[in-house]
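Numbering (this note's numbering), first residue to last: 1037 to 1361.
Don't read these hints as lab results, they were simulated from the structure.
Careful, some of the hints might be misleading.
Unchecked claim - Think about it this way: if two alpha-carbon atoms lie no more than 25 Å apart in a straight line, the pair counts; the simulated SDA-like pairs of lysine to any residue are:
1) K1082 <-> L1129
2) K1279 <-> D1146
3) K1279 <-> L1269
4) K1279 <-> V1255
5) K1294 <-> Q1162
6) K1100 <-> D1069
7) K1224 <-> P1108
8) K1279 <-> V1243
9) K1082 <-> M1061
10) K1294 <-> P1108
11) K1224 <-> A1297
12) K1224 <-> V1243
13) K1294 <-> A1252
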Amino acid sequence: MGALQPGTTLGGRYVLRSLLAVGGMGEVWRGADSELDREVAVKVLKDGAAKNDTFLRRFRNEAKNAAGLRHPNIAQVYDYGEVDGTPYLVMELVEGEPLSTILERERILDERRLVTILRHTCNGVQAAHDAGVMHRDVKPGNLLVQEHDLVKVTDFGVSRGTGQTTLTATGMVMGTAQYLAPELALGKAATPASDLYALGIIAYESVVGRRPFTAATAVDIAIAQVNDVVPPLPASVSPQMAKVIMNLLEKNPRKRFKSAAELERHLANFSAPAPSLDPLAQAPSAQAPDTLVPGSEPQAPTRAMPPSIAPRSYRPHPDRAPGQR
1037 MGALQPGTTL
1047 GGRYVLRSLL
1057 AVGGMGEVWR
1067 GADSELDREV
1077 AVKVLKDGAA
1087 KNDTFLRRFR
1097 NEAKNAAGLR
1107 HPNIAQVYDY
1117 GEVDGTPYLV
1127 MELVEGEPLS
1137 TILERERILD
1147 ERRLVTILRH
1157 TCNGVQAAHD
1167 AGVMHRDVKP
1177 GNLLVQEHDL
1187 VKVTDFGVSR
1197 GTGQTTLTAT
1207 GMVMGTAQYL
1217 APELALGKAA
1227 TPASDLYALG
1237 IIAYESVVGR
1247 RPFTAATAVD
1257 IAIAQVNDVV
1267 PPLPASVSPQ
1277 MAKVIMNLLE
1287 KNPRKRFKSA
1297 AELERHLANF
1307 SAPAPSLDPL
1317 AQAPSAQAPD
1327 TLVPGSEPQA
1337 PTRAMPPSIA
1347 PRSYRPHPDR
1357 APGQR
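With the sequences and hints as input, model every part of the structure.
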């Protein structure tokens, strides 16, 4: 299959409109489903990757595992097909941006905002776990943040469902080294606790501005996940948040929260630190929308604006608890 162009139709119904993202394995396009008259996202595996058996199996694995998941905090998969040997995946179009982009721009997140993002993520991850699917690659790039900081978990390409065989040979691991749980780095099977460890790395990165373990190579990072002590958190991190992070980053998975649901319940009772002294951060706004409470249905936004670039007055007021008017 040649290079994709706007206007290309896949499967006789999915019309590609504009390129959204390009990765090592493929491309993601904004498209339209002509039969159901709705916008969709279409992920297409590149020709070279389509000829690689591992990439192809990973792509099909994503389609199989994600297609069975239905939850407001998971980006839904609608369809899978192949054209001239090139597979494509049709998904829910999420209007938002990856948490990785937000962290690159803002570096550190307010703890209240982080709690909201983590609670939504927990709900999505728990839904996958309840279905017997371990994500195995939870990271900021796979968390799409929408209006009101609603999160959609995406990219189940390296996930593993109950009863599925591994996609790698003995001694190999799947996932991203910077967010890889120690037990996965040691080649052990993924469990719900493995995804929770990744949430701990994300939380650490979000309040410190950098990941706890860095090294020159992915192998060295994985070794650090197994052996190195978590670097101390700065005094700017509240004791409550520090306790959560250190629990999630326990080397022994049995010492972490028992489930994403337990973590979400703990975060629901989170008492945020004192408000910022920044007068702009404390200025009330009559038009400021509420933070969406995880598990509730999103309300129609007052205006289309990604939460990460909204002015401070547009974000949840620092004196309000999540979801409180």
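Going through the hints against the structure:
no.	hint	result
1	K1082 <-> L1129	holds, 20 Å
2	K1279 <-> D1146	holds, 16 Å
3	K1279 <-> L1269	holds, 10 Å
4	K1279 <-> V1255	violated, 28 Å
5	K1294 <-> Q1162	holds, 11 Å
6	K1100 <-> D1069	holds, 20 Å
7	K1224 <-> P1108	violated, 30 Å
8	K1279 <-> V1243	holds, 13 Å
9	K1082 <-> M1061	holds, 6 Å
10	K1294 <-> P1108	holds, 22 Å
11	K1224 <-> A1297	holds, 23 Å
12	K1224 <-> V1243	violated, 29 Å
13	K1294 <-> A1252	violated, 33 Å
When each numbered hint is compared with the structure, violations occur for hints 4, 7, 12 and 13.
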